[in-house]
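*Asks:* So you can see what is in the structure, the chains are spelled out below.
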Amino acid sequence: MEEGIGRAVELGRPVHWTPGYGSAEHAGGIGSTSGLSLLSGMTILGHVAKLCAQRGADLISTFANPELVPLATEIIKEAFRSENKLDEFKSENVQFISSRQYAFATGLLGLFQREKIATNIMTGSFGAEALIVAEGAQMLGAFQVAGSDGTTQLPVIFAICDYTLIGEEFFAAAVYLSDDPIQRGALRGQDLFKFGLIAFTIVAMIITVLGFNIVTYLKM
Amino acid sequence: MSIIRRDLPVWIAFLVGVILLSDYVFSLPALKSTASTITNWAVIVTAFSFGIGALNIIQRQSKVIIRREKYWIYSIVLIITLFGTLGIGLIGTINHPYYRIIFDNMMAPLNVTMSSMLAFFLASAAFRVIRAKNFESALLLIAALLVMLQNAPIGQLIWPGFPILGDFFITGFAAGGNRGIQIGAAIASIGFGIRILLGQEKRWFGRSE
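If you read the sequences in order, they're chains A and B.
Residue numbers for the first sequence, in my numbering: 10 to 229.
Residue numbers for the second sequence, in my numbering: 34 to 242.
Hints are all accurate, no fakes.
Cross-link-like lysine-lysine pairs, in silico, DSS-like; alpha carbons within 30 Å at most: (1) A:K59 - A:K94; (2) B:K235 - A:K203; (3) B:K103 - A:K86; (4) A:K59 - A:K86; (5) B:K235 - A:K86; (6) A:K94 - B:K235; (7) B:K235 - A:K59; (8) B:K103 - A:K59; (9) A:K94 - A:K125; (10) A:K99 - A:K125; (11) A:K99 - B:K103; (12) B:K96 - A:K86; (13) B:K96 - A:K99; (14) A:K86 - A:K99; (15) B:K103 - A:K94.
By construction, these hints were calculated from the structure, which means they are not laboratory data.
Modelling step: build the complete structure from the supplied sequences, incorporating the hints.
*Replies:* This is the structure we're talking about:
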């Protein structure tokens with residue numbers, strides 16, 4: 010992200026950030042199953058906004074879920090305030106585009122062409138619009154970072170973007186960017202739990218191959 | 034910083050989260066009705082948020098028109114379309130003939146056009162990525178070719194083993210990798226949810242500490 014934002018400053022062009030469509034059309038948003046992905050994406054927005062404020066890059070954020078607009082305004086404002094650059098915050102750069110998937114994607118394509126973005130950061134919940142948006146940014150030669158927990162759009166963002174955060178990396182990114190020891194400890198605990206689960210899976214697999222029905226024993 | 038801005042969102046998130054999670058785990062009538070009320074509130078708040086979205090569009094486009102920024106003429110078109118559609122929808126509901134004309138003859142064809150363009154975007158992305166530049170991309174190229182030959186009818190004509198091999202790649206390697214990512218993401222999302230509920234994660238509403 011540092012690389013992308015630095016590049017945008019050098020080129021004098023804006024940075025674009027979006028949390029994606031997140032099932033907005035079907036009364037989705039933070040109240041739906043996309044909610045955690047959208048919120049995790051918003052935690053990364055804070056870091057992006059802070060970097061933009063530090064280096065003097067223009068940050069344009071776009072949304073398909075209107076309830077995220079006030080949340081993002083507050084996050085970006087806070088990031089600029091923490092860098093003593095509140096006067097450089099532009100409220101018109103926090104943009105609701107459309108809650109319709111393809112209208113959202115078309116809106117972003119138009120915005121990319123008008124603003125000639127230098128960096129495109131997509132962290133959140135994506136559907137088919139991910140391909141259109143990422144490819145649109147690629148046509149402008151934009152540097153791209155994308156992250157999502159969903160698996161359907163991962164091949165797309167993996168193929169097009171320069172850097173990707175896949176699956177659990179996406180949730181861990183916000184903690185990784187934080188200096189908070191409690192949050193880092195929680196991540197460590199999560200990793201240990203995961204290793205335990207992997208070990209259990211391997212042991213259960215071996216036991217099953219040896220002819221024991223582990224499910225019967227677990228039910229006892 | 035005021036308590037309302039600093040602590041209230043954390044407490045609301047905690048209370049709502051605990052009530053909804055408890056409703057999922059326990060079957061108590063009082064809990065069920067409270068959870069149902071909260072879910073209804075969420076739907077109402079989401080519906081109202083579209084008003085915020087419309088205001089955001091009007092504010093931004095008005096600025097573009099007033100400042101005569103580049104392509105300001107399109108902002109006028111957008112504002113007229115927004116108020117026109119809203120007006121017709123409010124006066125005659127969404128079943129009004131004019132509303133249907135806008136939806137069926139403008140919105141739907143534009144939507145389908147963008148949807149069909151996915152094929153071209155996909156071809157463009159695939160052409161750039163699927164090239165044997167190194168060992169990993171060579172593997173990707175081979176896998177992509179096998180899966181394409183599995184799905185295309187010509188694959189079976191060339192060699193009957195292609196569908197079996199392609200199926201092995203999809204149900205073996207791809208499904209295994211996919212499940213690994215999904216399990217990892219599920220564990221991480223539980224961890225993230227707990228951090229939000231306990232107020233350890235505050236950056237989602239703009240607090241850095």
